[in-house]
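Peer 1: Residues per chain are reported as follows:
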Amino acid sequence: KAGVTQTPRYLIKTRGQQVTLSCSPISGHRSVSWYQQTPGQGLQFLFEYFSETQRNKGNFPGRFSGRQFSNSRSEMNVSTLELGDSALYLCASSPITGGNTEAFFGQGTRLTVV
Amino acid sequence: DQQVKQNSPSLSVQEGRISILNCDYTNSMFDYFLWYKKYPAEGPTFLISISSIKDKNEDGRFTVFLNKSAKHLSLHIVPSQPGDSAVYFCAASPTLSGNTGKLIFGQGTTLQVKP
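Chain order of the listed sequences is C and W. Per my numbering, the first sequence starts with residue 1, numbered consecutively. Per my numbering, the second sequence starts with residue 115, numbered consecutively.
Quick caveat, the hints were computed from the structure, so don't treat them as lab data. Possibly wrong hints are sitting among the right ones.
Pairs of lysine-lysine, DSBU-like flavour, derived with a Cα cap of 30 Å [stated by the list, open to error]:
1. K151(W) / K182(W)
2. K168(W) / K13(C)
3. K170(W) / K228(W)
4. K228(W) / K57(C)
5. K151(W) / K228(W)
6. K13(C) / K170(W)
The structure displayed is predicted, hence computed values, not measured ones.
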């Protein structure tokens with residue numbers, strides 16, 4: 001079974017631009033969550049999608065948004081990029097929403113804003 | 115407000131000895147806990163989990179202990195191996211009340227196992 005796939009792996013953007021990151025979950029997994037990892041803040045929850053619906057949202061500004069498609073693939077978008085958005089963005093998939101199941105992570109997209 | 119805390123940023127142990135990584139949490143709604151291991155430039159890899167109805171869960175060299183009254187959990191690795199050197203994250207989930215796939219992570223502990 002293929003793991004969680006995130007594209008692209010690396011990205012360099014300029015302040016003020018917008019960016020879209022993609023995540024393909026493990027086949028059969030319907031829940032996709034996004035996390036931001038920075039050296040100072042650790043891993044922080046952005047949002048979770050299940051059946052194309054956002055089920056939970058973290059404490060991030062509205063510049064961060066996401067969506068999920070009918071095949072469970074998910075995208076997250078960051079508009080009006082700021083230097084502080086430079087981070088590793090991780091996507092995780094789970095077979096169900098909630099419940100006692102672990103989340104499986106992709107390798108992440110390293111975003112650098114210059 | 116850091117709801118999950120790993121107070122030791124780093125830990126160094128000798129190969130073959132026990133590694134003990136600690137984690138504290140503040141939210142009594144958390145009822146499911148997980149440990150992840152992360153190498154640089156890779157995503158976190160799931161190690162082991164424990165539900166709040168248990169106080170111990172074991173998987174090979176890895177054992178997680180949960181003390182609900184103290185809101186404390188620990189990960190024991192015995193025996194430690196050089197390949198265990200990585201950053202270890204503790205995570206918690208409030209699975210009640212429809213709180214879904216959200217995991218709250220600690221800041222991580224960097225484990226170094228010396229040959």
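Peer 1: All hints, please: hold or fail.
Peer 2: Evaluation of the provided hints:
{"no.": "1", "hint": "K151(W) / K182(W)", "in the structure": "23 Å, holds"}
{"no.": "2", "hint": "K168(W) / K13(C)", "in the structure": "46 Å, violated"}
{"no.": "3", "hint": "K170(W) / K228(W)", "in the structure": "27 Å, holds"}
{"no.": "4", "hint": "K228(W) / K57(C)", "in the structure": "40 Å, violated"}
{"no.": "5", "hint": "K151(W) / K228(W)", "in the structure": "17 Å, holds"}
{"no.": "6", "hint": "K13(C) / K170(W)", "in the structure": "46 Å, violated"}
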